[in-house]
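As they're listed, the protein sequences go chains A and B.
Here this note's numbering is used: position 132 in the first sequence is 132, and no number is missing along the way.
With the second sequence counted from 1, adding 1000 to any position gets you this note's numbering.
None of these hints come from the bench; they were simulated from the model.
C-beta: ideal position from N, C-alpha, C; glycine also.
Some clues are possibly wrong.
Keeping only pairs whose Cα atoms sit at most 35 Å apart, straight-line, the calculated DSBU-like set for lysine-lysine is [claimed, not checked]:
| id | chain 1 | residue 1 | chain 2 | residue 2 |
| --- | --- | --- | --- | --- |
| 1 | B | K1044 | A | K236 |
| 2 | B | K1160 | A | K14 |
| 3 | A | K236 | B | K1280 |
What follows is a list of derived Cβ distance ranges for each label pair [to be verified]:
| id | chain 1 | residue 1 | chain 2 | residue 2 | range |
| --- | --- | --- | --- | --- | --- |
| 4 | A | Q37 | B | E1014 | 22 to 30 Å |
| 5 | A | E183 | B | K1048 | 15 to 23 Å |
| 6 | A | I93 | B | P1182 | 42 to 50 Å |
| 7 | A | P160 | B | F1185 | 55 to 63 Å |
| 8 | B | A1236 | A | P41 | 23 to 31 Å |
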Amino acid sequence: MEAAMGLMRRIPPKHSETALSALLSLLPHHSSDLLSQVDQPLQVLCDVDCGKEFILCEYNRDADSYRSPWSNKYHPPLEDGPHPSPELRKLEIEANEVFAIYREQYYEGGISSVYLWEDENEGFVACFLIKKDGSKTAHGKRGYLQEGAWDAIHVIEVGPEEEGKAHYCLTSTVMLSLTTNDESSGTFNLSGSIRRQMNMDLSVAEGHLCNMGKMIEEMEGKLRNSLDQVYFGKTKEMVCTLRPPAELVQMRLPDS
Amino acid sequence: MSDDDEETSTEPEELSHKQKLEIAKWFLINSPPGEIQYVAKDVKAVLKDENVYEAAAAEAFPLYNKSHMICLQLPDRSGDVMVTSFSEITEDEYLDPRTAQVAVVNHVKQSCTEVRPASDEELPSAYVEEYRCAVDAEISKYVGEAYPKGVCSVYSSKGKHVEEPGSNFELVVVILASRHSPQNFCNGSWRSIWNVVFEDELQIVELRGRMEVGAHYFEEGNVQLDAKHECKDSTAFQSPDDCAASVMNIIRHHETEYLNSLQKSYLNLPDTTFKDLRRKLPVTRTLFPWHNTMQFSLTRDISKELGIGK
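Construct the complete structure from the given sequences, taking the supplied hints into account.
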């Protein structure tokens, strides 16, 4: 398992789907571990009832069917697929509506889905998903990207309420790939994935959705920032180490 | 986790030897610059089958080494040999034109075990060698200045036995700059290949360049740069020294330009390119009003009543 995770850390992120399916076929005994520890690009289906797309993940899957957050129905239809309790479903509907507005404001397009379900210890788990195709042929408003994909997965475990407070544990993954391509500079692709965790104890006075939303917003900001500043920055640093730009070479000349 | 229940009847279909071999090769060949040995260790552990691993390594390492143009020190420390498809004599033998030696290479260990003098057949004619040697001298000087850890080699490919003016011949310039710092979770390489065709009839030298830059940063994540560019240029067919100087100038010009365009791509990231994936701040330029999401349902109810909903 450790070696499998080692491979996932090295293989180019754009090949992660191929790598995962290769590992699954080599290590069938570890398939549930692999599927829970390795995030893969999100897939979507269209809800036949309302014509809106929804995102697929392990949390809305039962057998080979997926539950839509819009109609609450399984696609393809499934008898006795599990549903959240009426109370939780109410929160799920609200979360989907609000999260769609959040997504529109930050992403200017894309698809989002939120799934809620009860867990064993009186709390519940929520999964917030966003998928954005930022290429110029899809939702790339500015049209700079030949190819551009952003998949975000946020899973929040919400503990039972105690003295007006609840414990929130958020695990977030962002996977992205962006490619620009033009005659004078060739193809330029950056791709990658990072995963982070955040724990908080918050008063439930303002409601779970408010708390979860704030945590996700803060986390997404952090992830975007570290991808931009740290991760992309490190690859840029590497390029400049391989071939220092002219001004750096000149600065060093007096020494040599 | 234990794997004691291997070979039970509930076992999903066992992969064939060939399927395992293909998977192992795929992982090895797709290793980032300078990381194939680490990938190999993990592949071996995942396969749990020494025979399949050995077979996969024997096929994948030569391909990886050649496509990454790895550079190995000659055992007598007289120089380096670059493992490329242009210097390949047999799968295990690579020519170092600068010292006119052939190095025997162990692909899996990525080391050079012995050298022998190159035969006349393996070396270019004196006429071609004069051009090759002049280009090599100029390119070495340039690579020394531009790439702190750069290596380069110039090979004669087509028409290497042309004895005198009257026929075309071709040189290939390869440049490699690589940096491996696993302790900093960062590896990268810059590779360029320049085909330089000396066209006798047109008295022109045509250049075709291919540059490829890769970088991998993997501290608590996995982010990779993969950039490629191709370009063309030409110059007049002159004396070896003059040709060498203009070939070097052309290569230097295009590689400098390419570096600039890479810098520009990075510069454009935060405010243009990345913004098409996700904005730093919402369109409203303030954080999302999570404490007051009622407003959205109110607006929605009103628009529904007024019949202006989406």
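How the hints compare with the structure:
This hinted pair checks out: K1044/B and K236/A have alpha carbons roughly 32 Å apart, not beyond 35 Å. A hinted pair counts as satisfied when its Cα atoms are at most 35 Å apart, and K1160/B with K14/A does not qualify at roughly 40 Å. Proximity of K236/A to K1280/B is assessed by CA-CA distance (about 20 Å); at most 35 Å being required, the pair is judged to hold. For the pair Q37/A and E1014/B, the supplied restraint of 22 to 30 Å holds, since their beta-carbon distance comes to about 24 Å.
At about 48 Å, the CB distance of E183/A to K1048/B disagrees with the hint of 15 to 23 Å. Distance hint check for I93/A and P1182/B: the Cβ-Cβ separation is about 49 Å, which falls inside the suggested range of 42 to 50 Å. As the Cβ distance of P160/A to F1185/B is approximately 39 Å, the hint placing it in 55 to 63 Å is violated. Checked against the hint of 23 to 31 Å, the pair A1236/B and P41/A fails, with Cβ atoms roughly 51 Å apart.
The structure fails to meet hints 2, 5, 7 and 8 from the earlier list, while all remaining hints are met.
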